[in-house]
Every structure is written in structure tokens, then in C-alpha cells.
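Residues 12 to 565 (the numbering used here) are what the sequence shown spells out, left to right.
Hints are computed from structural coordinates only; laboratory data are not their basis. Heads up, a few of these hints could be off.
[To be verified] With a Cα cut of at most 30 Å, we get these calculated BS3-like pairs of lysine-lysine:
#1 K201 to K218
#2 K166 to K65
#3 K457 to K497
#4 K236 to K287
#5 K200 to K65
#6 K37 to K176
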Amino acid sequence: MLDIRKKNFYPKGRNTEDSDVSDIKKLIGHLPIKRDMLIEYLHLIQDKYNQIRKRHLAALSTILKIPMAEAFEVATFYAHFDVIDDDDESLPPTTVRVCDSLTCELFGANDLMKKLESRLDPKKVRVVRAPCMGLCDKAPACEVGHNHLEKFTVKDVETALSNNKTHPKDVKGIDFDKYITDGGYEILKKCYDGKFSVENVIDELNKSGLKGMGGAGFPSGQKWKFVRMEKGPRLMTINGDEGEPGTFKDKLYLETNMHKFFEGMLIAAWAVEAKKIYIYMRDEYPGIRIKMIKELDKIKRSKILDDETKIYIRRGAGAYICGEESAMIESIEGKRGLPRHKPPFVSKVGLFGKPTLNHNIETVYWVRDILEKGHKWYSDQGKRGHKGPHSYSVSGRVKNPGVKVAPAGITMNELLNDYCGGMQDGHKFFGYLPGGASGGILPADKADVPLDFGTLEELGCFIGSGAIVVFSDKDSIKSVVLNLLKFFNDESCGQCTPCRVGTEKAVKLLEKNIWDEKLLRELVDTMGEASICGLGQAAGNPITCSLNYFKDRL
Numbered sequence: 012m013l014d015i016r017k018k019n020f021y022p023k024g025r026n027t028e029d030s031d032v033s034d035i036k037k038l039i040g041h042l043p044i045k046r047d048m049l050i051e052y053l054h055l056i057q058d059k060y061n062q063i064r065k066r067h068l069a070a071l072s073t074i075l076k077i078p079m080a081e082a083f084e085v086a087t088f089y090a091h092f093d094v095i096d097d098d099d100e101s102l103p104p105t106t107v108r109v110c111d112s113l114t115c116e117l118f119g120a121n122d123l124m125k126k127l128e129s130r131l132d133p134k135k136v137r138v139v140r141a142p143c144m145g146l147c148d149k150a151p152a153c154e155v156g157h158n159h160l161e162k163f164t165v166k167d168v169e170t171a172l173s174n175n176k177t178h179p180k181d182v183k184g185i186d187f188d189k190y191i192t193d194g195g196y197e198i199l200k201k202c203y204d205g206k207f208s209v210e211n212v213i214d215e216l217n218k219s220g221l222k223g224m225g226g227a228g229f230p231s232g233q234k235w236k237f238v239r240m241e242k243g244p245r246l247m248t249i250n251g252d253e254g255e256p257g258t259f260k261d262k263l264y265l266e267t268n269m270h271k272f273f274e275g276m277l278i279a280a281w282a283v284e285a286k287k288i289y290i291y292m293r294d295e296y297p298g299i300r301i302k303m304i305k306e307l308d309k310i311k312r313s314k315i316l317d318d319e320t321k322i323y324i325r326r327g328a329g330a331y332i333c334g335e336e337s338a339m340i341e342s343i344e345g346k347r348g349l350p351r352h353k354p355p356f357v358s359k360v361g362l363f364g365k366p367t368l369n370h371n372i373e374t375v376y377w378v379r380d381i382l383e384k385g386h387k388w389y390s391d392q393g394k395r396g397h398k399g400p401h402s403y404s405v406s407g408r409v410k411n412p413g414v415k416v417a418p419a420g421i422t423m424n425e426l427l428n429d430y431c432g433g434m435q436d437g438h439k440f441f442g443y444l445p446g447g448a449s450g451g452i453l454p455a456d457k458a459d460v461p462l463d464f465g466t467l468e469e470l471g472c473f474i475g476s477g478a479i480v481v482f483s484d485k486d487s488i489k490s491v492v493l494n495l496l497k498f499f500n501d502e503s504c505g506q507c508t509p510c511r512v513g514t515e516k517a518v519k520l521l522e523k524n525i526w527d528e529k530l531l532r533e534l535v536d537t538m539g540e541a542s543i544c545g546l547g548q549a550a551g552n553p554i555t556c557s558l559n560y561f562k563d564r565l
């Protein structure tokens, strides 16, 4: 133990300047000083200075009374924080992020990226690759500052830069007043007033067949029951980190009718007696987050909420892994988004160690309708024995991409021809991703299988979040698989060796002209069996499916 009475005592670690501490205190002064707010503070520093210098990181560590290493490991974990040395040159004032997810790559993102790098001044503009931005139906997409450009050209980017259009676009949709006029929050009021019992509400959900629409497909009513079995206080979290490549359904629902989501969320919180709700919103949706803050303020001022219920918005920072519920909880707590070992599950030991109800945005979006119109209204929308509607995010080589609300149990052929207008001219249907990057790949001759939870597993795939990417006979299956594995390699949190090393080795093997099938299958098996979470376990699905169904094109 150090004896500070000794004359030669000096504090170990990085020294901080009083001026830096004062600057950071002033910057974060409107927020409470809490360890779990670390990521929110980092966002404020990044937003103000366009980077995070180590002296500011040290000042923040001093204020929070945490080791510099702790703040550093969190800041460098997330892609949207740029940590640089104090004597480094400042980064360019504007960053252009070019989406390189599969759909955007199919529509020329790589060539656009090269052209931007050659034509833009690197001292003024930084051009970087970025994962899915939720604009797959408008590919190729990029973000100039925080301004998203759809189906963009190099000229579009240059125009946005010259006109300083770097701020997020306003999100329209139904606002609070319109929602109230249309009967909004009446179901919530009935819950608060005791006109609906918790038991009856859960029973309606169970009969409706509503499942977790984030990808797991767990029955929602059962989840509420499990959380209610735990001793309080209980918490609720909303996972708005819609990062699965090809997924953009939550984005649509928030842009069009945000309050319907809020009402379903508040009903769920009421049912499990959660008085604190944390909404984790992905940083790639800045316009939605800004509107969410404004609309929540209207709810609070309207006195719809009871006095005890508090809602907090936490801002993601560009980490796909935080779509995994325990990693998201770690991030809300101001830590690196590392998935936890299970059990215990978050319903028992969740946010801040409390029993936690975690839901995806779309899941609670349907709650008001189910309680208002009855469980049969929802369940009868399915087909072939499946219950409810399903929101399929369809992109790729189809004529009419977008979110297609179709019966659960619909086939890919039906979805393609009846909802998407068929294939683009000059393209022949060759294959599709039924559940985003991790859901595997199926050929066109496997397009008559019902699309729902539990129907694709025997084919080595799963529906997940319903992110469907369609490719044609003119696309390279090897390029498709390589794109997906590069994504997993970039987004691996690095916690476990099978995923961290396995995805890296997979990319190197896939980059070879001739694939080593035996070695690839062995690698995929190891990753699937030994990885901690679903990222590493499912990362090999595209490889396995390509070897099983597309071997003649490899």
C-alpha cells in the first residue's frame, strides 16, 4: 500500500490538467454524474470535439473516479468513438460513412467508396466503411455527418458537403397530439385504472401467438410471466439496436407511429411492475432518437405516466454485438458490450443485477392492437397454421423492396411475387438470406418453405429478425459469403477465442481462390460449439449453406 506521507510520493498513472477537467465538467454538467453514464459522456465529447483525445478521457476518468484504462477500454470498444493521442492531428471535420453491408455492396458501394476516396479532400473529409444503416431498401446508402443519403451518387455526397447538409433529417410520422386523437394511450389508461388485469393481458398475448420479433421468437406472454416470478424491484429494457444486416422494420415503425411503440412498452412495464425503462437506441438512427426525446417529453408533460415510472434513452455507439440482450445491458451500464455467460438469464439477473424484461421494438409495437382488437385479430393473420403477421425487411434484387407485413408462414416465392413485384428486370432469382447475415443462405429451389420461427432450422437456417436479402444469377455466391464473414469478423467483440480468431481465419480461407471445404467445416463446427453467444455460433451459417447448396458455384 502506498504511503502518501512519504516525500517522494506521487500519483501513479496519467496526470490531468485542471483546465481539461473543468472543460469536461462543463460539457457533461447537465447530466447526473454516474458510472453507468460513461458512454453518454463519451458521446458528448465526440460530438463536441469530433474525436476523443486522451487528455479528455483522463479528465473524464478523474471526474468519475475510475481508472483511465477502464474509460479507455470502453471508448475504444465502440466504432463511433475516435480516440486519438493528444499530439495527433485533428481528424477531418466531416466523416462520410459508406454502408458496405450485402445489399449496398450488390448495388455498387465498393466502387462508390473508391471514387469518394479519390475525389474528396482527405484533410476535410474522412471516408470510412460502415455496417448496415437500415436503408437496405434504398441501397446504396451513406451517411454524411449524420445526414443519410439514399441511392446516392458521388455527386450527391459532394452536394451535401458543399451545402453543409450534415445534420439528421427530421422524422415525421404520427406525433403525440395525433396519436391521442386516434385513441392512443386509452388501453394503457385502462391498465392503470384496473379495467384490465395483468393475468388477462398476458393470456391475450399468449393466445395471440406474439413472439419476440428481434430474432429469438420466444413467446412474449411467457416472458412477462417469468419476469413477474422474480422478486422486485424489476426493470425493463428495449433493444432498439437493429443492427442485423438487412433489417429495417423497427426503423419504419418508429418513423411512422412511434407512440404505438411507446404505449406497448408502457403496458409491458406496467405488467411486470417495472418503474424504470431503458430504451437502447442505435446511433445510426439519429433522427429517430431526437424525435423520441421530444415525444417522450410530451408524454411526461401530459401526465399519462404515473409519477413513479421513469424512461431513459441510452445511445448506442456502433456495436452490432449490443443487439445481444446481455451485451446491450452491459452497454447500458456504461461498459464494453460483452455478452454474459448464461445462466443466469436477464429475466433473473439483468440490468444492474435486477430482474429485467427485455423486448424488441416491434414486439411491443403490436401490444396495443392485440388488446384493443383481440387475440384472434392478430393470430388469424397467419397462414399454414402459423400465427400473426410478420414484418419482413426485403431488399436486394427485387423490384419493390421494403418492409412487407405479410402472414407468418408465407413462402419466399409468394413474398417475392405477391409483395415485391418479382425480380428486377434482367435478373433471375438464384438465392436468398431468410434471416439476415446470421440466418444462413438458401437457393431458389428452397423458396416454398414457410417463413416463420422454427420452419427453417432443418435446412440449417432461421428466420431471425426477418431480414430477407435476395440475390440473382448475376451475383457471386463467393462474394456474398465473404461479405457476411467480413462483417462478423469486424463485429466480433473479441471476448471468446473461437469467435475472435475463427471469424478472422474464416475470412482468410474464403479469400483463397479454392476453398478448403474440410477445414472450413471444421472451423464452423468449432465456432458453433465453443462461442459464448449467437454471433460466433451463427457466423458460420453462410459458409455451411454455401457448401451445402451452392457448391457448383464456388
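Structure-based check of each hint:
no.: 1; hint: K201 to K218; result: 20 Å, holds
no.: 2; hint: K166 to K65; result: 36 Å, violated
no.: 3; hint: K457 to K497; result: 26 Å, holds
no.: 4; hint: K236 to K287; result: 18 Å, holds
no.: 5; hint: K200 to K65; result: 49 Å, violated
no.: 6; hint: K37 to K176; result: 28 Å, holds
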